[in-house]
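J.: From first to last, the protein sequence lines are chains A and B.
Going by the working numbering, 36 is the number at position 36 of the first sequence; the sequence numbering is gapless.
Going by the working numbering, 58 is the number at position 58 of the second sequence; the sequence numbering is gapless.
You may find that some hints are simply not true.
[What the hints assert, rightly or not] Straight-line Cα separation of at most 35 Å, DSBU-like style, residue types lysine-lysine; simulated pairs:
{"hint": "1", "chain 1": "A", "residue 1": "K26", "chain 2": "B", "residue 2": "K111"}
{"hint": "2", "chain 1": "B", "residue 1": "K3", "chain 2": "B", "residue 2": "K111"}
{"hint": "3", "chain 1": "B", "residue 1": "K52", "chain 2": "A", "residue 2": "K26"}
{"hint": "4", "chain 1": "A", "residue 1": "K26", "chain 2": "B", "residue 2": "K3"}
Because the hints were derived from the structure by calculation, they are not lab data.
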Amino acid sequence: DAGVTQSPTHLIKTRGQQVTLRCSPKSGHDTVSWYQQALGQGPQFIFQYYEEEERQRGNFPDRFSGHQFPNYSSELNVNALLLGDSALYLCASSSLGVSYNEQFFGPGTRLTVL
Amino acid sequence: DAKTTQPPSMDCAEGRAANLPCNHSTISGNEYVYWYRQIHSQGPQYIIHGLKNNETNEMASLIITEDRKSSTLILPHATLRDTAVYYCIVRSPNNAGNMLTFGGGTRLMVKP
């Protein structure tokens, strides 16, 4: 079992550009959540996808959007990048039908905006 | 979900027990206490969770006070590899999205 995988591991972009980050959930999981972690802070919830739809969203602007594919993998898109978008972006997978289940996190994608 | 308060940092000697406290005085009756840890440059890792009874697994023990307003995560024999940021999270089963609300956590430094 490969666990949660994310790509790329590192990415450098400039202000105003757009970026797409990718996540493959743990085998057997159907739900993908995305988190942003700024340096020195705890992860902040961006949104969650289940059955290819956004189920829940945190306090992030519309520049942050996502998608889930039929195979449960997911993408996070960020448009019009700002310097403040520099962070570690974490993907977590879980199985919505399992009560009180833990979320499994990937290693993250480190995004640097110059 | 209720808010949690943790000390920003703690030290522990290698081989000794590490006791990490967490206050959650506004916890509701149906809210669970979860612990995750994040080793440097990795994603958070689930450790343990509980409702009211003490819990133990291969990684740690969780002690929840009778009034449920605080809890302690215990690593019985800390190793250098346990150096990480430990997050205490309170989550309601009614939280349909299962989203996790992370605070600042406790940075545990295990020293030789």
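J.: The structure should be examined with respect to each hint, and the outcome stated for every one.
T.: Structure-based check of all given hints:
1. A/K26 / B/K111: Holds, at about 34 Å.
2. B/K3 / B/K111: holds, 30 Å
3. B/K52 / A/K26: Within the cut-off at roughly 29 Å; holds.
4. A/K26 / B/K3: holds, 29 Å
Against the hints set out earlier in the document, no violation occurs for any number.
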